Amino acid sequence: MVDLGDRHLLGTEGLTSEEITLILDTAESMVEIGQREIKKVPTLRGKTVVNFFYEPSTRTRSSFEIAEKRLSADIVNFSASGSSVSKGETLLDTARTLEAMEPTFIVIRHGASGAARFLADRCRASIINAGDGMHEHPTQALLDAFTMRRHKKKLAGLNVAIVGDITHSRVARSNAYLLATMGARVTFCGPATMIPPHVECLGARVELSMEKALEGVDVIMMLRIQRERQSRLALPSLREYTRLYGLDRRRLSLAHPEALIMHPGPINRGVEIADDVADDQRSVILEQVANGVAIRMAVLYLLARNWDAHEAS
Amino acid sequence: MKLPDEPSQPLLLKGGCLLDPASGRHENHDLLLAEGRIKALAPDLHAPDARVLDVSGKWVAPGFIDMHVHLREPGGEDAETIATGTRAAVAGGFTAVAAMPNTSPVNDDQSVTRFMLAQAAREGVARVHPIGCVSKGMSGVELTEMGNQVEAGCVAFSDDGKPVASAQVMRRALEYSSVFGVPIIDHCEEPTLAAEAVMNEGIVSTALGLRGMPDEAEEVMVDRNIRLAGLTGGRVHIAHISTRGAIESVRRGKEAGVRVTAEVTPHHLLLTEEAVRGYDTDFRMNPPLRTEVDRVACVAGLVDGTIDAIATDHAPHAREFKNVEFNAAPNGVIGLESAIPVLMDRLVATGLLAPARLVEALTAAPSRILNLEGQGSLAVDSLADVTVLDPDRPFTVEARRFRSLSRNTPFNGWRCRGSVTFTIVAGHLVHDGRGDLAG
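Quick note, the sequences are listed as chains A and B, same order.
Take 160 as the starting number for the first sequence in my numbering and just add one per residue.
Take -16 as the starting number for the second sequence in my numbering and just add one per residue.
Since the hints were derived computationally from the structure, they do not count as laboratory data.
Only a predicted model underlies this, so the values are computations on that prediction, with no experimental measurement involved.
It cannot be assumed that every hint is accurate.
[Said to hold, decoys possible] One side of the interface only, derived from the structure: several residues of chain B facing chain A at Cβ under 8 Å: (1) Q93; (2) G185; (3) I186; (4) T189; (5) A190; (6) L191; (7) G192; (8) E199; (9) V203; (10) V307; (11) F309; (12) P313; (13) N314.
Glycine is no exception: its CB is placed at the ideal position from the N, C-alpha and C atoms.
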């Protein structure tokens, strides 16, 4: 039986195509559980999962929570506001406190790049990165790949355009690593102020013109423009952004006729994506959300198997 | 300096190889120290009243001068004090350190300068040369009373940690300091280009999702400073130079006759941005670790003399401030107790850097830049500050054994060939490294 090589999931960088395929295949069987009348299996019974969300998050957090519940884990939720974090406790002390509760898993969302790694270096628990700063968001990339594979049968050879603020996007990084490993071709598109230097190290190419970036692509992934993160120097105005990089019908027509429209959410209708395009039949935005539960179940299941093997040895 | 009250017994160093770049001497000679001065050097010296140190097979050099350290006193005594910092210095082979003014309060007034020197006299075991602020409150607006501060003992002026952002303030600082013949030391960083950056901008920052600063943030300020030094005739010293382009600018500036000098740190000579990949905050400093191209340029610049001096930028931080997310950590690493072994091992033992050039960059060069009369040379009548190196003795950098109060070194665990055997300040043996455990 194939196993994940690591006891943590910190990123998609470094995952092999075998490991990625294992997670995606496992998620297929998790979808089936979600279709049962009683959507619950005893896999994680007796194991504790701490959901530790330093940044606000609705969909990722509830997706993890549903996945954990379907696997019968005991769940503890922490968020930054109203906890010891808001009283000035350091990440290190918070981690030690959580560790004292002997969780099997800590799922962490944090605003600092490297925060998941910080915990992994200091905790016994398996760490799952639910988004760290501008670094990685591996379960998002896995659920995106899962969604693409369900529609397009395979990832190798797919042309994927990722449009938006690449510099600040952990979703773009995790997708680029994963898709490159699986043999897909990724094009980043956005104004040059939103493209990080040496971006080719992520395994993607860059196209500043949206029209050129979309030509014949199989998948269009639009990223949320995070108004709060934008300085006036990266983006003169949302109006101009929409005019240059918003996905509308005209631009959609440049892609492959059966191109998937994806978005990690939450979407800004009328900003990066036109209202009618978001609701187009080619849009799989809500499927992505549904698939997120199956992917997170698969990741928890596979890491728990590693945990048990480790504890047994 | 807190040294024994009784006059020191004369010291006779026998059988060593003198390495004195100031005089060009590189030969086997004995060296006699008495009354705080260098008394004599000759192939075979005898002094019946002297304590004899057998230094055969060792290199005998002028006492090393670290022209860029942060002693943290006053105000940051959890991280370092003048007492512990100077102990770390002599353990690392340094007999003198120049102390940066970003203390609390900052050293922008002769009262702070005098306090530091009084502390050094009470508790220090190495010479301490305060560096004063360029601007009052280090706020980059008004010049400090440089004349008063020089009289109190400042050897240079710097707003280190911050650049002098305003070109006009830098111009006036270069003009005014030239009255006293002292240099302006600038931490070259264009502040808006470097805003919020925590590492070098490049492949690694993009992969890690950390905000980077481009080389150009350093280079535009180096270029500006060289032009302003040319305009004013003042002396500018580039602190911790780190990019190929900046080194190229200094080279051109020197060729054009501008009074510009530069220093480089051991970490910029030996490490690159790749070290940041594990988000270990002991590799976070400013300027950040750069690329291999830059590292190689630093070595080349040191070898050919474009870069005058080696300085550690010893920047102690208490552990609780460094054991945090990379974004949240302060900049800076310590260097006093690791610099010589790591440089001996990686640059000298490998043949990249001649022993005499290493010693020059730690002695004659900083002495010349800071006008430290009687230091940086083994000439007769110089101060009896001597560093004895053993080029063959193995040494492992172990942070937990440091005399420094802080542990934030990027070199922990490095096994080195070459270490400090003796450090002598004013004729007193203040460090005997023979007891240090070999690795």
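Verification of the supplied hints:
no., hint, verdict
1, Q93, "violated (38 Å)"
2, G185, "holds (6 Å)"
3, I186, "holds (4 Å)"
4, T189, "holds (4 Å)"
5, A190, "holds (6 Å)"
6, L191, "holds (6 Å)"
7, G192, "holds (3 Å)"
8, E199, "violated (11 Å)"
9, V203, "violated (17 Å)"
10, V307, "holds (6 Å)"
11, F309, "holds (5 Å)"
12, P313, "violated (14 Å)"
13, N314, "violated (16 Å)"
In summary, the structure is inconsistent with hints 1, 8, 9, 12, 13 from the numbered list given earlier, while agreeing with the others.
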